[in-house]
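Trainee: Chains as they are written, first to last, in numbering that gives the first Met the number 0: chain A, 0 to 289; chain B, 0 to 289; chain C, 0 to 289; chain D, 0 to 289; chain E, 0 to 289; chain F, 0 to 289.
Read the hints as simulated data drawn from the structure, not as lab findings. No residue lacks a Cβ here, since even glycine has one placed at the ideal position from N, Cα and C. One thing to keep in mind: the hints can contain errors.
Said to hold, decoys possible - Part of the chain F face toward chain C, derived, beta carbon under 10 angstroms:
| hint | residue |
| --- | --- |
| 1 | 96 |
| 2 | 124 |
| 3 | 265 |
To be verified - Under the rule of at most 25 angstroms between Cα atoms (straight-line distance), these lysine to any residue pairs were calculated in the SDA-like manner:
| hint | chain 1 | residue 1 | chain 2 | residue 2 |
| --- | --- | --- | --- | --- |
| 4 | F | 267 | E | 223 |
| 5 | D | 53 | D | 169 |
| 6 | C | 53 | F | 267 |
| 7 | D | 209 | D | 240 |
| 8 | A | 209 | B | 16 |
| 9 | B | 267 | D | 194 |
| 10 | E | 209 | D | 169 |
| 11 | E | 245 | E | 196 |
| 12 | E | 245 | D | 191 |
| 13 | A | 267 | B | 15 |
| 14 | A | 52 | B | 237 |
| 15 | C | 168 | F | 267 |
| 16 | B | 15 | B | 197 |
| 17 | C | 209 | C | 229 |
| 18 | B | 261 | E | 239 |
| 19 | E | 209 | E | 239 |
| 20 | B | 15 | D | 96 |
| 21 | A | 53 | B | 15 |
| 22 | D | 209 | D | 169 |
| 23 | C | 261 | F | 6 |
| 24 | C | 261 | A | 233 |
| 25 | B | 209 | B | 246 |
To be verified - Restraint-style ranges between C-beta atoms, simulated for each label pair:
| hint | chain 1 | residue 1 | chain 2 | residue 2 | range |
| --- | --- | --- | --- | --- | --- |
| 26 | C | 12 | D | 233 | 29 to 35 angstroms |
| 27 | D | 255 | F | 249 | 26 to 32 angstroms |
| 28 | D | 249 | E | 14 | 52 to 58 angstroms |
| 29 | D | 224 | E | 232 | 33 to 39 angstroms |
| 30 | A | 245 | E | 209 | 55 to 61 angstroms |
| 31 | A | 227 | C | 267 | 29 to 35 angstroms |
| 32 | E | 229 | A | 194 | 51 to 57 angstroms |
Protein chains: 6
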Amino acid sequence: MYYCDSRLQYPVRVDKPSPIFAKMLQQAIGGIEGEIRVCLQYFFQAWGSRGPKKYRDMLLQTATEEIGHIEMLATAVALNLEGAPVSMQDAAAKDGAVYAALGGMDPRHFLSAGLAAMPVNSDGVPFDCSHVYASGNIAGDMLANATAEATGRTLACRLYEMTDDLGMKDMLSFLIARDTMHQQQWLAVIEELGGFREQLPVPNSFPQSKELQEYSYAYFTSQVDGSVPADLQGSRFTEGSSLDGKGQYSIFPNRPLGQEPKLAPGPKEAHAQTEQEIGLIAKVKQAIVG
Amino acid sequence: MYYCDSRLQYPVRVDKPSPIFAKMLQQAIGGIEGEIRVCLQYFFQAWGSRGPKKYRDMLLQTATEEIGHIEMLATAVALNLEGAPVSMQDAAAKDGAVYAALGGMDPRHFLSAGLAAMPVNSDGVPFDCSHVYASGNIAGDMLANATAEATGRTLACRLYEMTDDLGMKDMLSFLIARDTMHQQQWLAVIEELGGFREQLPVPNSFPQSKELQEYSYAYFTSQVDGSVPADLQGSRFTEGSSLDGKGQYSIFPNRPLGQEPKLAPGPKEAHAQTEQEIGLIAKVKQAIVG
Amino acid sequence: MYYCDSRLQYPVRVDKPSPIFAKMLQQAIGGIEGEIRVCLQYFFQAWGSRGPKKYRDMLLQTATEEIGHIEMLATAVALNLEGAPVSMQDAAAKDGAVYAALGGMDPRHFLSAGLAAMPVNSDGVPFDCSHVYASGNIAGDMLANATAEATGRTLACRLYEMTDDLGMKDMLSFLIARDTMHQQQWLAVIEELGGFREQLPVPNSFPQSKELQEYSYAYFTSQVDGSVPADLQGSRFTEGSSLDGKGQYSIFPNRPLGQEPKLAPGPKEAHAQTEQEIGLIAKVKQAIVG
Amino acid sequence: MYYCDSRLQYPVRVDKPSPIFAKMLQQAIGGIEGEIRVCLQYFFQAWGSRGPKKYRDMLLQTATEEIGHIEMLATAVALNLEGAPVSMQDAAAKDGAVYAALGGMDPRHFLSAGLAAMPVNSDGVPFDCSHVYASGNIAGDMLANATAEATGRTLACRLYEMTDDLGMKDMLSFLIARDTMHQQQWLAVIEELGGFREQLPVPNSFPQSKELQEYSYAYFTSQVDGSVPADLQGSRFTEGSSLDGKGQYSIFPNRPLGQEPKLAPGPKEAHAQTEQEIGLIAKVKQAIVG
Amino acid sequence: MYYCDSRLQYPVRVDKPSPIFAKMLQQAIGGIEGEIRVCLQYFFQAWGSRGPKKYRDMLLQTATEEIGHIEMLATAVALNLEGAPVSMQDAAAKDGAVYAALGGMDPRHFLSAGLAAMPVNSDGVPFDCSHVYASGNIAGDMLANATAEATGRTLACRLYEMTDDLGMKDMLSFLIARDTMHQQQWLAVIEELGGFREQLPVPNSFPQSKELQEYSYAYFTSQVDGSVPADLQGSRFTEGSSLDGKGQYSIFPNRPLGQEPKLAPGPKEAHAQTEQEIGLIAKVKQAIVG
Amino acid sequence: MYYCDSRLQYPVRVDKPSPIFAKMLQQAIGGIEGEIRVCLQYFFQAWGSRGPKKYRDMLLQTATEEIGHIEMLATAVALNLEGAPVSMQDAAAKDGAVYAALGGMDPRHFLSAGLAAMPVNSDGVPFDCSHVYASGNIAGDMLANATAEATGRTLACRLYEMTDDLGMKDMLSFLIARDTMHQQQWLAVIEELGGFREQLPVPNSFPQSKELQEYSYAYFTSQVDGSVPADLQGSRFTEGSSLDGKGQYSIFPNRPLGQEPKLAPGPKEAHAQTEQEIGLIAKVKQAIVG
C-alpha cells in the first residue's frame, strides 16, 4: 500500500508562464512517452510478478517514484497556464502574441480543466492503458521499460530545447537525470541475468529446437529485383556470430515458401452475394469438366 | 513503392479448425504484440529516417517482410473459422463443445467479417496506431523494435503451447524463428554503433552536463520507513560502474526535495464555486490579521 | 427539435431469452454497422447541410426514424437478458448450458448495466463517433450511407440466421426491410442527380484538368514479376468506357515514377543519436573526397 | 511525493481460483467504475487544486489510498488465474467446465500477461483517461466523485453476489465499506459548503441573471401530442420550490422557439458536388423571380 | 419512437463568425461534458429502465430534449465556420489574425466536414460511448446525471465568458438555464425518494451487515508520517453523524492490514525467462534447507 | 507476400515547407479518409476473400499500390517539417508567422517524431483499425471502398486548394487521379455483377420473402405533425420503381406499430435501489387488488 507527502519530489518553478508550453508538457504526462505510462507499467509488472521476489521489490520502488514525477509535471502545467487568455475579446484587444496563444493552447485546459493539467497528450488525446506492457517475462518487460525511458528522455530533452524558462529547464534537468538512471537500471537487470548472451531470444525458456532454425538468424531482404542493398552487406546483423552466440547471421533474399491460399466458400448463413456462390459453382463445374 | 506475389511467405495449414483458437490468433494480428504494429512501426521509422541511409534500407526490407506475416496469420484465422457455429439452434442441438465454441468465439468473426480475420486483438479491440514508435532517434527506436519482437515472440510461444494443431505449430515455428532474428537484428544495430557504452543514455546527443548528474546513477527507494529492501542491495543497478561507464550506481532513499506547490486562484471566468474564492479571501484575511 | 412517443416503432418480443444472443445484438446497436452510427451520421449530415434544402429535410426524417431502431434493439437486449446467470454458484449447480452462458455472455451486461443494453458492440467495445461520415459532399455522403445500410443489412441477416427465436426473427424482418429501403433511398439520390455518369468522380466540382489524367482510368497491377493476373484481363474495370463516360479503362503494370526520397538531417534540438549526425558528416566527407 | 509498503492494504485470499471471475474483477480495475479511474481522478483534482488548500489535502489522502485498492484487485486477479487452462488439448481432455473456462476467460490474461491482471475492463477494453473528471469546480468535482463511488459500490456488490469464494467475499466486504465512506465523504464536502441550497446550480459563481431564467426551473416534456405523462405530474421536480430555493418547478410542453436554420452555401474550395451549387443558383433565381 | 420539427429549439445567431470559437463549441457537442453524452445517457437509462415506470417517462422526455441541444450547437458551429480560411495563400496575404485563425482552427472542420460540426471535442477527439452511464440503479444514475449537468453548465459558462458575440451569448444563456433545471431535476429524484438519508449508500439494497462496517465511515489518511493534516480535523467528513445517519465519521491513519502478496510461479507454458524459474527452484531449495 | 523498391511511386517535392500544411497532410495518412485505412481495408478484404478468386487478385494489386501512397505522403510530411520551429525563443524572436507556426503545428511532430510523419490524423488522433471494412460480402465491400475513395478524393481536393506549393499540388494531382480510378474500379465490380438491379439489396442472397416487404420500399417521414415536407414529394425515392426493380417507392408517415415496452424488474443481485423494488411490490399489489 501507499503513502504521500504533500511536498514535491523536486522544486517546480515557472518564470514566464506559457499556455503553449503547457500544452507541450502534456506529452510528458499523458503521452506514450510520458509518466502515467511508466508509473502504471511498473506497478502492473510488480503486482503481477511471479518471482523472483527481488524484482517485485525493485519495480515497486520505481513505480512509486514515478507518481511524484506526474505530480511535478501536473504542477508545471498548472503554473504555465496562469495568465492564459480566457476571453477572445481580451485576446483581440491585445497584441498578436496573445491571439496566437489562444489559437495555440489546448482549449480544454480552460474549458474542461479550469487551467490545470489533464491526463492527455499534447494533442489532447487521453492516455489509454493499452500502453502498459507487463508480459510476465522479465527480459521482455525490462526491454519495454528501457524503451519507455529512452523515448521519455528524448521527449524531455526536446522539451528542454523548446523552452527558455529557467525554472522549467531546472525541473527538466532533474527528470532527464532520472530517465538516465532508469535506462541504466532496467538494462542492468538483463546484465545481472547474464546479458543478451543468456537472455536472448526472449523468451529463453522456449526450446529453440522447436523453432524453424533455418530462418532464426537470417536477415530477409525484400527488394523487388532480388538484390541485396550494398550498404546492408557486411553489417553486424548480416554476418558473423549472433548476439546470443547461438547462430551465424546470414542474408536470405525473400521468396514465397508457401502456396496461394485457398479458403473454402462461406456458409450460406454468412450471406455473401449470390454471385459469390455462383462463382463457386462455376469453379466446381470447371473442375469437373476439366 | 511495393509489389506482391499471390503466394504466401510460408505454408499455412489448419488440421482441426477451432474458432476459439482463431480468436487467440487475433492477438498476433491486431494486438500490441502483433504484426500490424511491427509492420507499420518499421515503415514509419523508414519513411521518417533522416540518416544514415543504411538504416532506412534495413527498415524497409523488414517492414515489407512483415506484411507477409499479417497475411499468413489472417489466412490462419480464416481457416480456423471454417465450420464455426453460425446458428444457435445448431449449437444447442449438438454437444456442449459446439455450444462452448459459440460462447467462446469472437461473435464478430461471423457477424462482421463473415468468417475472416479482422485487425483487432483477441478481445476484439481494434489495433490503434498510437503503438507505432518512431522517434527519429535510432537507439530509442531499436530498443522499441527489440521490445516489440520480444513481446511478439513470447506471444507466439504461448500460442504454440495453446494449440495441438500440427499445421498451426508448423506455422508458428516459422514465425518464432523470424522473431528470434528480428530481436537479434535490432539489437545488433546498437552493437554496431558501439553498444550500450556508446549509445546510452538515449539520446546520447544531449550533453550530460545539462542534466542534474547528482541523480543520474542513483537508484531511488520509496519505502515508507526509509529502509532499503535487503534483496536490492548489492545489485547490478545499485553498486559498481554503470552500463555506459559514465557513472557509479548508488542508492538514494527518496525524500521531498521540493516544497508544497502553491497555485494561484483561477480567474473568475473559470467559474470555480464562489466558496473557493471566499476560501481565498479568508486565507488572505488570516494572513493579514496573523 | 424533437419529440417522443413512449410506444415502440415495431413490436419487440423475445420468446426464449438468451444472454449470448443479447451480446450479439449489441453489434446492431454499438457496432460500426449499427444503428447509433447511422442515426448520428444522418443527423450530422442534416445539421451541416448547406443546400439544397431538400436533402436536409430528407436526412432529418430518416435520422429521426433511426432513434426508434436503437430503442427497439435496446429493448430486445434487455429482454434477452432476463434470466441470465448472476451467480457463479447457480451456474455451476445447473447444467453446462448455464455455465456456458455465463462464460459466453458479456459480463458487463450484469456488472455495469444491471441487465440492460449498452452503447457498445458485441465485443464490448464502445461506439466511437469517428465513424460518423458527414463530408459536406452529397455524393460522398450518399455512398457512405448506402455502405452503412449494406453492412447493416448484412449484419441483420446474419443475426436472423443465428437465432431461432420467433419474436427476434419478426423484429429483424422489420429492420431488414427498412435497411432495404434505406439502401434504395440513398442511392436514389445519386440517381436523381444524374447517376454515376454525372456524379463521378466525387467530388465532381474539381476540374479533372487539374488531375494527372494519364492515370485517372488505369488499373495499376503490383505483381512482382510485372505480369497481369489472367483473370483480371478483360474486366469491366480494365477495358472499355469508364462508368462516368469520361475515360477508357486500361492496365498499367506499376513501377516507380519517382526517385529515392532524401530527407535532410534533423536539427540538433531533435536529438537523434550522435552517430546519426556523424553518419551525416561521413557522407559529406565522402561527397567531398569523392 | 509518494511512498510504498510492500504489504497489502487488506488481506487478499482466493480459495477457489476462477479465470472467469478474474475476468469479472477486471471491471473493478480498468472499468469506468473501477479503481484506476478514481485514483487518477482524485490525483488530478488535487494536483490542479487552486484552493482552498484543505481540499487538496483531502484529495491527496484518498487518491493515495486508492493505489492500494488497485493493488489488492490486481493481486486477486493473479490469484484467480492460477490453474487456468493454458492448452486447448488439456481443456478438451478434461471436463466441459475446463473447456467453458477456456472459452469464457479473457485470452489475453494468458497470451499477453502470463496470468496476471491488466489495466483493462472485463471486456478487455483498456482504461482510457478521458474518464478522469477534474474541472476545477469543487461542487462539480465532488458530484463526479460521488458518482464514481456509487457506480463503484454497485459494481462491487454485484461482484460479491457473483462469487461464492469466501476469500473474495471478504476482500469485497472491505472495498464495499470503503466505497460507502467515500460516497459519504465527497457529499459531505458539499454539505460543509452549505449543501445544495448554496452550491446549486453548479457553478454557483455564474450570475443567474445572465441565464434565461424563464427556463431555469421548468421541466420540458417532449411528448409528440403535447401531453404531460400523468405519472410525472405532482413530482418533486415539476411542482414546488426548487432544491436551491431560488425558483419554482413548473412544466413546459416543449415547442420550437427558434426558426429553421439557414446555412450559407460552402465556398467552392470545399468541393461539394456541382449540383449542390446549382441547387443554390436555383434558390437564388427563385428568390429573385419570387 | 420519435418525431422531428425542422425548426430549432431556440434561435441560433452568430454575429461575428470565428473558426476558433467553432472549435471551442465542439466541446459542448462531443466533449465528455457535452450534449451527445447526456442525450445518449438519458436514452440508455430510459431504455433499460426496469421500473418504476415513472422514471422511464421522465428520462425519455429529457433525452429527447437533448437532441435539440446538439442540433443548436451543430448549427452554431456551422455558422461560426462561415468565412473561415480555406487557403494558406489567402491567409498569408491577409493580416496575422487570419493566419492565426488558420493555425488555431480545427483543420478537420474544413478538410473532413466542409465547414460543419463534427461529433468530436474541441481537441478533435471523437466522442466515445464509454461515457454513457446507465447502471440500472436509479440513485447512481441520478448522481451521474447531475454530474454531467454540473460539468456541462460549467463548460457553458466558460464558453459564455470566452465569446463576445451577442448571438452566441444569447444561445448559451438558454443552454445554461436548461442545465440549471437538469441539475435540479435529477437531484430532486433523490429527494423524492427520501434524500441522502434513505438513498445512501448506493446501492441501498445491499445489506450493510455484509460490509466491513468498521471501515464504513472512517476517513483514511495516507500521510507518510502517520499524521493527520490539521486542516482536515473537525471537518464534516471526519466528525459527527454521517449523511445517511447510519454511522459516525472518524479518522483512521492508514496502515497495512494485509500481508505481502505471494503469487505462485507461472506454468512453463507462460514462458517467463528460465532465470525466473531458476529463482523459483532456489526458493524451493531454500525452503527445504531452511 | 511482398516486395519493395526504395524509389517512390511518384515524385514528392516541397518548395515551401510548412509545418501547418504538414499537420493537414496527416489527415490523408491517418484520417478515416486516409491511405492507411484503404490500404488495410483492401488487404483484409483480399485475405478474407472466399471467392471468386478474381476479386482476391484485384484487391491485392490495389492494396499493394496503396502502401506506396502512404509512403509518398509520409515523405511529404517530413519535407514540410524541415525548418519548423523547435524553440520558443527562436519563435518569439522572429516574426509573428513563426510564432503562429509554433502554435498551429502539431507539437508531436517535433516532440514525438523528431520532425517526421506519424500514423495520426490532422488533429493528432491515431488511426484505429475499426475503420477497416471487410464483411465478406462483395457488394457491401465495394460500396465501402467507393465511399473510402470518394471521401479520400474530396480530402485530396481540399488539400489541393489549401496549398499554394507547386510541388505539393503536383503530388496531389497524381493522388487525385488515382482516387478517380479507384472509385471507377470498385463501382465497376458492381456493374460487372449486374449493377444495382442485381446486386441490391445487399446482401442479395437473403430471400426478400423473409423481410417485412410492406416496409421495404417506403420512405418513412417523421414530422411531428404527420405532414410530408413538400420538397420530398415526387422524389426519385418516394415515387416510381425502385432501383432494384423489385418494388415501388411510397411514403409512410411514421407512427408506432408496437406497444410500450415492459421490462421485468431485475433480480436482487443486480442491486437497484430498494425503492425500485418497492415500486415493483406496489405494482404487484395493484395487480392483485385490481
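Trainee: Now, for every hint given, state plainly whether the structure supports it.
Mentor: Results for each hint:
Here the hint on residue 96 (chain F) is broken, as its CB sits about 18 angstroms from the closest CB of chain C, past 10 angstroms. Given the 10 angstroms rule on beta carbons, the hint for residue 124 (chain F) holds: about 7 angstroms separates it from the nearest Cβ of chain C. Checking residue 265 (chain F) against chain C by beta carbon gives a least distance of about 5 angstroms; that is within 10 angstroms, so the hint holds. Between residue 267 (chain F) and residue 223 (chain E) the CA atoms are separated by roughly 42 angstroms; this puts the pair beyond 25 angstroms, and the hint is violated.
Restraint check for residue 53 (chain D) and residue 169 (chain D): not satisfied, since their Cα atoms lie roughly 33 angstroms apart, outside the 25 angstroms limit. Using a Cα cut-off of 25 angstroms, the hinted pair residue 53 (chain C) and residue 267 (chain F) is violated, with the two alpha carbons roughly 52 angstroms apart. As the CA atoms of residue 209 (chain D) and residue 240 (chain D) are separated by approximately 21 angstroms, the hinted pair is consistent with the 25 angstroms bound. The straight-line distance between the Cα atoms of residue 209 (chain A) and residue 16 (chain B) is roughly 22 angstroms, inside the 25 angstroms bound, and the hint therefore holds.
Taken as a hint, the residue 267 (chain B) and residue 194 (chain D) pair is honoured in the structure, with Cα atoms around 22 angstroms apart against an allowance of 25 angstroms. Pair hint residue 209 (chain E) plus residue 169 (chain D) holds up; C-alpha atoms about 9 angstroms apart against a cutoff of 25 angstroms. At most 25 angstroms may separate the alpha-carbon atoms for a hinted pair to count; residue 245 (chain E) and residue 196 (chain E) meet this at roughly 8 angstroms. A distance of roughly 18 angstroms separates the Cα atoms of residue 245 (chain E) and residue 191 (chain D); the hinted pair therefore holds under the 25 angstroms criterion.
As the CA atoms of residue 267 (chain A) and residue 15 (chain B) are separated by approximately 21 angstroms, the hinted pair is consistent with the 25 angstroms bound. Of the pairs offered as hints, the one joining residue 52 (chain A) and residue 237 (chain B) holds, with about 17 angstroms between alpha carbons and a cut-off of 25 angstroms not exceeded. A C-alpha spacing of about 31 angstroms is found between residue 168 (chain C) and residue 267 (chain F), which places the hinted pair above 25 angstroms, so the restraint is violated. Pair hint residue 15 (chain B) plus residue 197 (chain B) does not hold up; C-alpha atoms about 51 angstroms apart against a cutoff of 25 angstroms.
For a cut-off of 25 angstroms, the pair hint linking residue 209 (chain C) to residue 229 (chain C) is broken: about 33 angstroms separates their Cα positions. With a CA separation close to 31 angstroms, the supplied pair residue 261 (chain B) and residue 239 (chain E) exceeds the 25 angstroms bound. Our distance criterion of 25 angstroms between C-alpha atoms is met by residue 209 (chain E) and residue 239 (chain E), whose separation comes to about 23 angstroms. Between residue 15 (chain B) and residue 96 (chain D) the CA atoms are separated by roughly 21 angstroms; this keeps the pair inside 25 angstroms, and the hint holds.
A threshold of 25 angstroms between alpha carbons decides the hint, and for residue 53 (chain A) with residue 15 (chain B) the separation of about 43 angstroms lies outside it, so the pair is violated. Using a Cα cut-off of 25 angstroms, the hinted pair residue 209 (chain D) and residue 169 (chain D) is violated, with the two alpha carbons roughly 53 angstroms apart. Proposed proximity of residue 261 (chain C) and residue 6 (chain F) is supported: the alpha carbons are some 10 angstroms apart, at most 25 angstroms. A C-alpha spacing of about 24 angstroms is found between residue 261 (chain C) and residue 233 (chain A), which places the hinted pair at or below 25 angstroms, so the restraint holds.
This hinted pair checks out: residue 209 (chain B) and residue 246 (chain B) have alpha carbons roughly 15 angstroms apart, not beyond 25 angstroms. At about 34 angstroms, the CB distance of residue 12 (chain C) to residue 233 (chain D) agrees with the hint of 29 to 35 angstroms. For residue 255 (chain D) and residue 249 (chain F), the hinted distance range of 26 to 32 angstroms is satisfied, since their beta carbons lie about 28 angstroms from each other. Distance hint check: the CB atoms of residue 249 (chain D) and residue 14 (chain E) are about 32 angstroms apart, inconsistent with the given range 52 to 58 angstroms.
The hint said 33 to 39 angstroms for the Cβ distance between residue 224 (chain D) and residue 232 (chain E), and at roughly 59 angstroms that hint is violated. One distance hint, 55 to 61 angstroms for the beta-carbon pair residue 245 (chain A) and residue 209 (chain E), holds here, with the actual separation near 58 angstroms. The beta-carbon spacing between residue 227 (chain A) and residue 267 (chain C), approximately 33 angstroms, falls within the hinted interval of 29 to 35 angstroms. The hint said 51 to 57 angstroms for the Cβ distance between residue 229 (chain E) and residue 194 (chain A), and at roughly 53 angstroms that hint holds.
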